[in-house]
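Colleague: What follows is each chain in one-letter form.
There are 2 protein chains.
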Amino acid sequence: MAHQEKETSGLEWRITLGDGSSRSLVPETGPVSRIWMGLKGLMAGLVLKVWKFLNKAWDIGVDDPRKVIHCLKAGMALTVVSLVYFTRPLYEGVGGNAMWAVMTVVVVFENTVGATISKSLNRVIGTTLAGFLAFGVHWVASLSGQKFEPLIIGASVFLLASAATFSRFIPSVKARFDYGALIFILTFSLVAVSGYRVDKLFALAHQRISTIIIGTCLCILVTMFICPIWAGQELHALTCRNMDKLAGSLDGCVEEYFDINGELEDSDKHPDKNLLGYKCVLNSKTTEESMANFARLEPAHGRFKFKHPWQQYLKIGASMRSCAYSIEALNSCIDSENQAPEFIKKHMSNVCLKVSSNSSCVIKELAKTIKTLKKSSSIDFLVEEMSSAVQDLQNEIKSLSSLLSPAEPLLPESKETEKTTSTIHLLEVLPVVILASLLIDISLRIQDIVKTVEELANVAEFKAEADDKAKQNQANINRIVPGQQNDDQQTMKALERA
Amino acid sequence: MAHQEKETSGLEWRITLGDGSSRSLVPETGPVSRIWMGLKGLMAGLVLKVWKFLNKAWDIGVDDPRKVIHCLKAGMALTVVSLVYFTRPLYEGVGGNAMWAVMTVVVVFENTVGATISKSLNRVIGTTLAGFLAFGVHWVASLSGQKFEPLIIGASVFLLASAATFSRFIPSVKARFDYGALIFILTFSLVAVSGYRVDKLFALAHQRISTIIIGTCLCILVTMFICPIWAGQELHALTCRNMDKLAGSLDGCVEEYFDINGELEDSDKHPDKNLLGYKCVLNSKTTEESMANFARLEPAHGRFKFKHPWQQYLKIGASMRSCAYSIEALNSCIDSENQAPEFIKKHMSNVCLKVSSNSSCVIKELAKTIKTLKKSSSIDFLVEEMSSAVQDLQNEIKSLSSLLSPAEPLLPESKETEKTTSTIHLLEVLPVVILASLLIDISLRIQDIVKTVEELANVAEFKAEADDKAKQNQANINRIVPGQQNDDQQTMKALERA
Chain A
1 MAHQEKETSG LEWRITLGDG SSRSLVPETG PVSRIWMGLK GLMAGLVLKV
51 WKFLNKAWDI GVDDPRKVIH CLKAGMALTV VSLVYFTRPL YEGVGGNAMW
101 AVMTVVVVFE NTVGATISKS LNRVIGTTLA GFLAFGVHWV ASLSGQKFEP
151 LIIGASVFLL ASAATFSRFI PSVKARFDYG ALIFILTFSL VAVSGYRVDK
201 LFALAHQRIS TIIIGTCLCI LVTMFICPIW AGQELHALTC RNMDKLAGSL
251 DGCVEEYFDI NGELEDSDKH PDKNLLGYKC VLNSKTTEES MANFARLEPA
301 HGRFKFKHPW QQYLKIGASM RSCAYSIEAL NSCIDSENQA PEFIKKHMSN
351 VCLKVSSNSS CVIKELAKTI KTLKKSSSID FLVEEMSSAV QDLQNEIKSL
401 SSLLSPAEPL LPESKETEKT TSTIHLLEVL PVVILASLLI DISLRIQDIV
451 KTVEELANVA EFKAEADDKA KQNQANINRI VPGQQNDDQQ TMKALERA
Chain B
1 MAHQEKETSG LEWRITLGDG SSRSLVPETG PVSRIWMGLK GLMAGLVLKV
51 WKFLNKAWDI GVDDPRKVIH CLKAGMALTV VSLVYFTRPL YEGVGGNAMW
101 AVMTVVVVFE NTVGATISKS LNRVIGTTLA GFLAFGVHWV ASLSGQKFEP
151 LIIGASVFLL ASAATFSRFI PSVKARFDYG ALIFILTFSL VAVSGYRVDK
201 LFALAHQRIS TIIIGTCLCI LVTMFICPIW AGQELHALTC RNMDKLAGSL
251 DGCVEEYFDI NGELEDSDKH PDKNLLGYKC VLNSKTTEES MANFARLEPA
301 HGRFKFKHPW QQYLKIGASM RSCAYSIEAL NSCIDSENQA PEFIKKHMSN
351 VCLKVSSNSS CVIKELAKTI KTLKKSSSID FLVEEMSSAV QDLQNEIKSL
401 SSLLSPAEPL LPESKETEKT TSTIHLLEVL PVVILASLLI DISLRIQDIV
451 KTVEELANVA EFKAEADDKA KQNQANINRI VPGQQNDDQQ TMKALERA
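So the sequence lines, in the order shown, correspond to chains A and B. The opening residue of the first sequence carries number 1 in UniProt numbering; numbering runs sequentially from there. The opening residue of the second sequence carries number 1 in UniProt numbering; numbering runs sequentially from there.
If you're looking for bench data, these hints aren't it; they were derived computationally from the structure. This structure is a prediction, so every number in the text was calculated from the model and none was measured. Some clues are possibly wrong.
Pairs count within a copy or across copies, as identical chains cannot be separated in the list.
[Claimed, not checked] Pairs of lysine to aspartate or glutamate, EDC-like flavour, derived with a Cα cap of 20 Å:
| id | residue 1 | residue 2 |
| --- | --- | --- |
| 1 | K368 | D380 |
| 2 | K67 | D178 |
| 3 | K279 | E289 |
| 4 | K279 | E465 |
| 5 | K451 | D335 |
| 6 | K174 | D64 |
| 7 | K56 | E110 |
| 8 | K174 | E110 |
| 9 | K398 | E337 |
| 10 | K307 | E337 |
| 11 | K368 | D244 |
| 12 | K305 | D244 |
Pulled out of the complex, with its shape left as it was, chain A reads as follows (with noise of 0.2 Å):
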């Protein structure tokens, strides 16, 4: 009844009809009304886009306060230079061409120091080239008389700037010079089509590179001197980063093939973001070579050196993505259809938890060489470490085959005869086994970035880390690994060969 109620309760008109049927009277909404329905519906949703592009941005500024410094640098850069604009002396003194120095700013202002220097010295570089060349061929236009001028001018211009186009093709000049040949056929157009006479081009090159030069040192003295970035730094950090969320989603993807949190079912529907970590490794290749060009232009900064080999960085990221890609491979493991059964599953987690934890601490001292520059005394334990637990899973696989046998007493169909009673468990057994040669492999692939950051360390000059912290990391290891008969003698020996 209370439900019928509420179904009358609002007023409504009907008409009957013609055939004895009636329908409801619906207010008819005029031309008028539906537009301002429409406009409101439209401002509804635009004011709904703004809302959260305005979040989005809010969440962006949150994540990196930097950024939003940066932004506050630029602003500050370019008010300071247009001051040469309000200052009557500063503006006359460079003719007018104040404009110049405003454009070098918006245009040299970038993100890290490295970056601002790289495109103020491919602006002062390419202007200056180019204005020379353009004067050049200046001078023999005019000498050539009326008629071939403008043939020569558009000539060179012509070969030059397509020449110049070209040279932007090639890797080599795209890596380092791609905004100095834009700028260099940008001001050779631009002086040598200018049709001014030569006298007077001196004076304008003079005040054109003077503008840019103010230009381009205020940029760089921001820059560096107001909350700098320095790309090396963020280079250094990014290889830092990655190799713990490598470290993490390899823990991450075994512990979630085994089950050790026990909650499969939630976390299979949102995977652990720290189980896809490793997807920022695979995609950092070209911030990573972007980062390195430019921080070899910077000055030293905080612990590194104007020489610090930043190149080498970039083959610590190509082992650390080889590595990567084998997490990928792990990590399609644990939505695969074919799973061992619980049993084996659970004969075999321990063995290979301790291979990826062992693993996992060898990337993280790595990582900890790498954040505090110092050799790590405790790394060739680590990896001996891994070895063993490498050599320990192995051994495993062999005694598989035992389990395989029917005379073994663990498996449940051992009364069954001898052919299908391994056949099935061969099967059965494969999951289990590929994951551990997967994890065999990401071991094999972990020292070869061990070998990278030696480099790394050696090329550096790293100093040695202080002897009491091997037997804290000792310490820690025992910790994580428990339950091993016979860790204390293995210790011992690596610790006396060490």
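For chain A, the structure is supplied; the task is to place chain B on it using the hints.
Modeller: Frame of chain A, contents of chain B only:
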């Protein structure tokens, strides 16, 4: 004797020292000749470097002649726009602001039509928007008296420049409007601080915008009508090429593993270029994304409509990359130290090769589907073929277990005890089994590619292929995988179902 004669054939001055030993006299080199030698070495090095650089440039040009054409087009556009300078009526029509037309051409002219359109739109919209805003700010500032004018203008430059710089960090803005934001900042600062009176500003803005429109129109016309390079077509071709590379790598890896061509030692040192094609797939994410972004803006061209679903190509690219990760793992199987004994490899080679050749057939068929923009009539059949090959492989793995049992006559060690024999053989079999399971994994990932390509075919409304093609394909398949007893029966069944 001949050897001794050779040694003393040159004349030599010797001096006998006080202690009885003798020393040969070498003609002393003066500082001038030393500098000369150094200079000569330096010059030779420089010439060699320039020569290498030119060689490289030549190779790039020969490799892709369209790059050369692009450069000639850029040169042409610039020369044409320079004419504006030389034809007085046009020059005076834009009030001496022809510089901006040259600048626009230099900055906006890009390799593909889509990129040029995108930059043109960015430049025009950015300039217009910033111009209007700056005009408003100027008006407000001029009303507020001479004292506050610089303050208001400075504050507005600071705020807007900061905000626009920040917007470039937001991924959706960065992907599409990065250049527009830059131009916005540039125009706004230039106009706001220009110090012109409002009435003069209007004329200036009008001239500026008309020169920019002249420049952008010229660029768009040249890129579009002279040997155009369409971003969409490039993306399309890149996707096809990557698929072919993927198929080639897959075939190559498995053939190399089973040493089909019998040149393992040679190819071990010089990995086949074909074999590493999948690495291109791994690295093409950034290119694909920017191409898809530009392609959206391009008008209908060739066989593509205006609203061709370019975004779908990104999904196809992602599924191809996922497949390439697995091929990377497959590739590491080749270099692995642990190799299965030859007789096991031989035993498994046929069925593994069948899976790989069927899988690569599917990929090639997908490449053909995309290339021809026609729905393949044989893809279902090919996928089924692949699945049945995978089924055979799984059966083969099952039957491997029987090889492990001591009763099997194939094994030479069959006289030993049960446990030892099977223990040895699981480990021996393992490398091949891992390869096999990777192949199975790859076939699953290929089915993802099939799905994404089918989505593309549906959304873009591909037409169906002619029926006689299907039969031809079937004939091809029978030729590729010979020696299958039940192939014909399966084919008939599949065709009946299709």
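Colleague: What are the numbers of the hints the structure violates, in ascending order?
Modeller: 4, 7, 10 and 12
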